[in-house]
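Once you've looked at the hints, dock chain B against the given chain A.
Top to bottom, those sequences are chains A and B.
With the working numbering as the guide, the letters of the first sequence map in order to residues 1 to 685.
With the working numbering as the guide, the letters of the second sequence map in order to residues 1001 to 1466.
Quick caveat, the hints were computed from the structure, so don't treat them as lab data.
Incorrect hints may appear among the rest.
[Stated by the list, open to error] Non-contacting residues of chain A with respect to chain B, defined by C-beta distances greater than 10 Å in every case (computed):
1. PHE84
2. ASP88
3. GLY153
4. ASP227
5. LYS274
6. ARG279
7. ARG318
8. PHE456
9. GLN499
10. ARG526
11. VAL546
12. GLY564
[Said to hold, decoys possible] Label-pair restraints from in silico Cβ distances:
13. LEU70(A) <-> ALA1025(B): 36 to 46 Å
14. PHE1012(B) <-> PRO289(A): 50 to 60 Å
15. VAL378(A) <-> LEU1387(B): 28 to 38 Å
16. ARG509(A) <-> PHE1012(B): 33 to 43 Å
17. ARG69(A) <-> PHE1442(B): 37 to 47 Å
18. ALA1025(B) <-> ASP505(A): 18 to 28 Å
19. TRP1006(B) <-> TYR164(A): 50 to 60 Å
20. ALA1152(B) <-> ARG509(A): 53 to 63 Å
21. ASP505(A) <-> MET1093(B): 52 to 62 Å
22. PRO465(A) <-> ALA1425(B): 57 to 67 Å
23. ASP498(A) <-> ALA1025(B): 28 to 38 Å
These figures come from a predicted structure and were not determined experimentally.
Ideal Cβ placement from N, Cα and C applies to all residues, glycine included.
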Amino acid sequence: MLLIRGCVTGKRMSGLILQVEGLSTHLGSESEPVQAVDCVSFEVRRGETFALLGESGCGKSMTALTLMRLLPSSGRVVGGAVLFEGQDLLKLSEADMRRVRGGGISMIFQEPMTSLNPVLTVGQQITESLTAHRGLRGGRARSEAMELLQAVGIPDPYQRIYEYPHQLSGGMKQRVMIAIALANEPELLIADEPTTALDVTIQAQVLELMRSLQRDRGMSIMFITHDLGVVAEMADRVAVMYAGQLVEQASRNEFFTEPKHPYSQKLFDSLPDKDKRDRQLYVIEGFVPSLQTEFRGCRFAPRCHRAFDRCRGEEPPRTTVNGRQVFCHLYGGDSLAAEAGPVSTPGRPHGGRIPLASKAALLRIRNMKVHFPIHSGVFRRVAGYVKAVDGINLEIPQGHTLALVGESGCGKTTAGKGILQLIPPTGGSVIFAGQELTTLSHAELRSHRDDMQIIFQDPYSSMNPRMLVGDIISEGLRAQGRAAAPAQLQARIEQLLDQVGLAADSVARYPHEFSGGQRQRISIARALAVDPHLIVCDEPTSALDVSVQAQILNLLKQLQDDLGISFLFITHDISVVAYLAHEVAVMYLGRIVEQGSVEDVLDRPRHPYTQALLSAVPTMDVDSGRDVIRLVGDMPSPSNPPSGCYFHPRCPAAMAICRDRYPALTRLGNGHETRCHLYRADPGA
Amino acid sequence: MLVLFWTDLLIFVLLAAAIAFSVYAYRREHLRAPWRRVGRSRVAMGALVILSAYVAVGLLDSIHYRQELETRTAGGQSQYSNEVLSLFDWMVMPLKTRGEKTYSAPFATHLYAKETVERADGSQQRLYPRLVFGGAQLRDPAERGADIAQRATIGALKGSALWLLVATFVVQAAAWRSGTGFRLLAAEIRGDLTMTRWRAALLTFLVLLVIVFVAAELSSGYHILGTDKVGESVFYQTLKSIRTGLVIGTLTTLVMLPFAILLGIMAGYFGGWVDDVIQYIYTTLNSIPGVLLIAAAVLMLQVYLDNRSAEFASVAERADLRLLFLCLILGVTSWTGLCRYLRGESLKLREIDYVQAATALGVGHFTIIVRHLLPNVMHIVLITVVLDFSGLVLAEAVLSYVQIGVDPTMNSWGNMINSARLEMAREPIVWWSLFAAFLFMFTLVLAANLFSDAVRDAFDPRLRNR
Chain A
1 MLLIRGCVTG
11 KRMSGLILQV
21 EGLSTHLGSE
31 SEPVQAVDCV
41 SFEVRRGETF
51 ALLGESGCGK
61 SMTALTLMRL
71 LPSSGRVVGG
81 AVLFEGQDLL
91 KLSEADMRRV
101 RGGGISMIFQ
111 EPMTSLNPVL
121 TVGQQITESL
131 TAHRGLRGGR
141 ARSEAMELLQ
151 AVGIPDPYQR
161 IYEYPHQLSG
171 GMKQRVMIAI
181 ALANEPELLI
191 ADEPTTALDV
201 TIQAQVLELM
211 RSLQRDRGMS
221 IMFITHDLGV
231 VAEMADRVAV
241 MYAGQLVEQA
251 SRNEFFTEPK
261 HPYSQKLFDS
271 LPDKDKRDRQ
281 LYVIEGFVPS
291 LQTEFRGCRF
301 APRCHRAFDR
311 CRGEEPPRTT
321 VNGRQVFCHL
331 YGGDSLAAEA
341 GPVSTPGRPH
351 GGRIPLASKA
361 ALLRIRNMKV
371 HFPIHSGVFR
381 RVAGYVKAVD
391 GINLEIPQGH
401 TLALVGESGC
411 GKTTAGKGIL
421 QLIPPTGGSV
431 IFAGQELTTL
441 SHAELRSHRD
451 DMQIIFQDPY
461 SSMNPRMLVG
471 DIISEGLRAQ
481 GRAAAPAQLQ
491 ARIEQLLDQV
501 GLAADSVARY
511 PHEFSGGQRQ
521 RISIARALAV
531 DPHLIVCDEP
541 TSALDVSVQA
551 QILNLLKQLQ
561 DDLGISFLFI
571 THDISVVAYL
581 AHEVAVMYLG
591 RIVEQGSVED
601 VLDRPRHPYT
611 QALLSAVPTM
621 DVDSGRDVIR
631 LVGDMPSPSN
641 PPSGCYFHPR
651 CPAAMAICRD
661 RYPALTRLGN
671 GHETRCHLYR
681 ADPGA
Chain B
1001 MLVLFWTDLL
1011 IFVLLAAAIA
1021 FSVYAYRREH
1031 LRAPWRRVGR
1041 SRVAMGALVI
1051 LSAYVAVGLL
1061 DSIHYRQELE
1071 TRTAGGQSQY
1081 SNEVLSLFDW
1091 MVMPLKTRGE
1101 KTYSAPFATH
1111 LYAKETVERA
1121 DGSQQRLYPR
1131 LVFGGAQLRD
1141 PAERGADIAQ
1151 RATIGALKGS
1161 ALWLLVATFV
1171 VQAAAWRSGT
1181 GFRLLAAEIR
1191 GDLTMTRWRA
1201 ALLTFLVLLV
1211 IVFVAAELSS
1221 GYHILGTDKV
1231 GESVFYQTLK
1241 SIRTGLVIGT
1251 LTTLVMLPFA
1261 ILLGIMAGYF
1271 GGWVDDVIQY
1281 IYTTLNSIPG
1291 VLLIAAAVLM
1301 LQVYLDNRSA
1311 EFASVAERAD
1321 LRLLFLCLIL
1331 GVTSWTGLCR
1341 YLRGESLKLR
1351 EIDYVQAATA
1361 LGVGHFTIIV
1371 RHLLPNVMHI
1381 VLITVVLDFS
1391 GLVLAEAVLS
1401 YVQIGVDPTM
1411 NSWGNMINSA
1421 RLEMAREPIV
1431 WWSLFAAFLF
1441 MFTLVLAANL
1451 FSDAVRDAFD
1461 PRLRNR
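Okay, chain A solo, but in the shape it has when bound:
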């Protein structure tokens, strides 16, 4: 379908830095194009932050690349105009466009690790842009580069400009990227998921930096993200993309107080949080359609709870209601809403909860350590240890969910693998149902493997791409010698597929035929096959979109209710913890700093790190008035932890004693424990 509908109004407005009119971009072959961007119109005003919100694959990054004319070789613009300060960028020569890139418009990318050239120093990379656009050279370029580094909050710029990217942490690299983008004082900064790869505390730093730079320089920011919380923190206006189209545009306040489009409404409903604990999350059924299909009618209609006949046959009009644009038949003027489905279907409450009284620990971990030796020299002598997990104590009762929370690199995944004996722990004990696991031999361990299972983060690498789904699910049954007669095995596989909500004919298909969420369901079925009592969930939803995440979280909760399985839920996402967990343990640099029931830890955090972590999570309450506790610097290396309390170099409340001694355990009652010198060890401890 190469026909471009009449979506270009030709209206030119003033006071805008960027005006995008009916922009359409196709990828791939002419005959079956991927309609990555379809008829997108929006504008960015001077000095404002405009957020483009959408799930993965909705075309938001492709929109940004089209603006910059950096499309991949298979991509082409098939219609529309991009007016930057009144100039149509799509009509510029490549030479003129190069002046705009980096000069008028700058862009920062998601992955700071790969956006910097590893063989050039930071200074060289900043001056490269200064030389290209402003002709600055030598000492002048260098002093300008130092000023830029200072502006993005990098301490010690005189030294840093001679350093290479690998010497900087992730947050620092993203700051350097921002410095490069700012080098020529652009009018517009396009930020494509700039904080997605960063931890929340670092994310808070970078977001704060971007806000202050915008205040000082008065530039406009186009902020591309999938995170509603970040949008609430950053944006002045919001546009929501779905399947290549803009479905809603509104100011932040309007959007967060009253989202109009059913898709936006559903996005809010499917976010997990504390208040939804007792109910299932709302889910958007199905998944985002392939952009290669020929669409008829509204693209969201197949998943929309309010869709009616007209939505399926006719593309909705671009309606402007009170200055807000909504791309939906519900607001089509001639009130057809009567035909539509109910405004919202309440989430079903969860079934019979396992009484939490059964406190007998199913899994008991005592002082578990996982140290990786560092070899050096010709004879590969052990020069030191990376103390990934450095003595943790955990207990998980039957039917409970314990969330292990922490930032990347704190050792939470290693802890999970250590518990499963996938990485043999260096010390301590792991006792499952009275059985010590660390002393078992490989063969003995194999017969205990059906007690505990694991679900991985990446739904793409967690299944052998060359095995059929049926074989993947039955692998555990065969390995445990439980594979009965073929007919029974078949029945068991079908039952498992049914349990995780997949069709029975999935058995004879390959993993690549499934979407990310469906693959995660297959992973869950594989784990369930051997009837485990405990499943270690290693960030099972962090690679998924919000709407799919809700489906998986519902499924996990359902399984816990039905089967009484315990979960060790490893995550960095506080909202998921609030929704799912019974107990929380907060990990920092290989050790647990605070632990207790979810209410105690999340509502009354005691350890300064927990407090900072929680405050850094972006929230959607527009005027929550929360104060972000800004942490200085990054997490130290686990091979060389600081003396005393590991957190003291970043702690806002550090005292003299923190430098000398690691704090003892403080019991705060009701199982709430922390390790901090602020709370004196109780005499009973």
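Quick look at chain B alone, frame taken from chain A:
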């Protein structure tokens, strides 16, 4: 009486394995998909046709037999000739038997060396005598041009006719299988609209058939690539060399694969001391110059064979054993590269989630290696094998040139090049041996390289979305 050489046996084992694998791959989508991408490359389809022609010659040349003699033993039992022939020999028998006295240039009617000839009147004269077979049908050598043109035309017509027949049959079969009409499919192929590039394949096939028939037609009257020192057709020699080249290229792989796969995966998967031992082995082996190792092995084998020459039924059998050992020793020296790749890939796969999940499910080491690691490194094995093939064919030529290659009695491009050393120094020079070897080897290696490029691209996940 059929004669089975060791290399024949292994070639047919390899052929059976290849057929079994294609049947297996045909049923599995993830294995079929990359091959389908190979089919989308025009170059690859053309190269595949050329390679198939070489393989066909090589296979025909691998069915050996000994001719039954007219005479019988006293007990009335059949007697067999000492000479071992192949099915291919039988097909091109005239090429083999119609020898000249010594060198003659391609398409020549006269010998390349002057001879003293006694005339009818008793006087003697030194001149270039007419050949016994080459151009013997011509009354006047001046008619040669017209005769060649006529034969070439007939050959081209025959080739085109056969092509038309085969192409019709192929398209008909394809149309019947896919359920489309014959005319529609033919039109699609003409317009090059099919996913698999049938047009490229069929056109290459047309060129090939025309060349084959023209060559056959011309060969009945001339030595199209001349004759060598003892008057044997160079065309015949170079055709016979095809089998040698293919055997070296494929059987070496067969020897190399078990080492490379087993040791490479074990080193990567188990790590620790297993990894150390395997790494030391291949680092050590890699530090010995390959040629040195091959020379030592071949020379030792030569002594062994010479001492036991009575135990072999024929010279060909002895030469075959030497060929087999050459493959073995080449295999032993060339597995290290693939082993290193596989170790690296297994190191990566060992940590991947699905292997961890299998461990968590209590799956044993052996099952993990066979079920999870091996299928996921197979693409590397395949790419290496296809890429190595042309290198090995060239290696044979080099080794035979320095006389540590195949037996001197065996036809091979290396031996042809080796003998060309003296021919090039001769005045006037004899260039056609070298040219023939070069032409056939070049075509094979070029086709193999083009094909392997397409295979590598098809199996490379990074290029998949182009």
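Now the hints, each set against the structure:
1. PHE84: holds, 30 Å
2. ASP88: holds, 30 Å
3. GLY153: Given that every Cβ of chain B is farther than 10 Å from that of GLY153(A), nearest at about 36 Å, it holds.
4. ASP227: holds, 25 Å
5. LYS274: At roughly 30 Å from the nearest Cβ of chain B, LYS274(A) sits farther out than 10 Å, so the non-interface label holds.
6. ARG279: Label holds. Min Cβ-Cβ 31 Å, cutoff 10 Å.
7. ARG318: For ARG318(A), whose nearest Cβ neighbour in chain B is about 32 Å away, the distance exceeds 10 Å, so it holds.
8. PHE456: About 4 Å separates PHE456(A) from the closest Cβ of chain B, which leaves it inside 10 Å; violated.
9. GLN499: holds, 17 Å
10. ARG526: ARG526(A) not clear of chain B: closest Cβ-Cβ about 7 Å, inside 10 Å.
11. VAL546: Holds, since 23 Å exceeds 10 Å.
12. GLY564: Since the minimum Cβ distance to chain B is about 20 Å, GLY564(A) lies beyond 10 Å and the statement holds.
13. LEU70(A) <-> ALA1025(B): 36 to 46 Å: Since the Cβ atoms of LEU70(A) and ALA1025(B) sit about 39 Å apart, the hinted range of 36 to 46 Å holds.
14. PHE1012(B) <-> PRO289(A): 50 to 60 Å: Distance hint for PHE1012(B), PRO289(A) holds at roughly 52 Å.
15. VAL378(A) <-> LEU1387(B): 28 to 38 Å: holds, 34 Å
16. ARG509(A) <-> PHE1012(B): 33 to 43 Å: holds, 37 Å
17. ARG69(A) <-> PHE1442(B): 37 to 47 Å: Distance hint for ARG69(A), PHE1442(B) holds at roughly 45 Å.
18. ALA1025(B) <-> ASP505(A): 18 to 28 Å: holds, 23 Å
19. TRP1006(B) <-> TYR164(A): 50 to 60 Å: The hint (50 to 60 Å, Cβ to Cβ) holds, given that TRP1006(B) and TYR164(A) are roughly 58 Å apart.
20. ALA1152(B) <-> ARG509(A): 53 to 63 Å: Cβ of ALA1152(B) to Cβ of ARG509(A): about 56 Å, so the range 53 to 63 Å holds.
21. ASP505(A) <-> MET1093(B): 52 to 62 Å: holds, 60 Å
22. PRO465(A) <-> ALA1425(B): 57 to 67 Å: Holds: the Cβ-Cβ distance is about 59 Å, inside 57 to 67 Å.
23. ASP498(A) <-> ALA1025(B): 28 to 38 Å: This hint holds: roughly 32 Å between Cβ atoms.
The structure fails to meet hints 8 and 10 from the earlier list, while all remaining hints are met.
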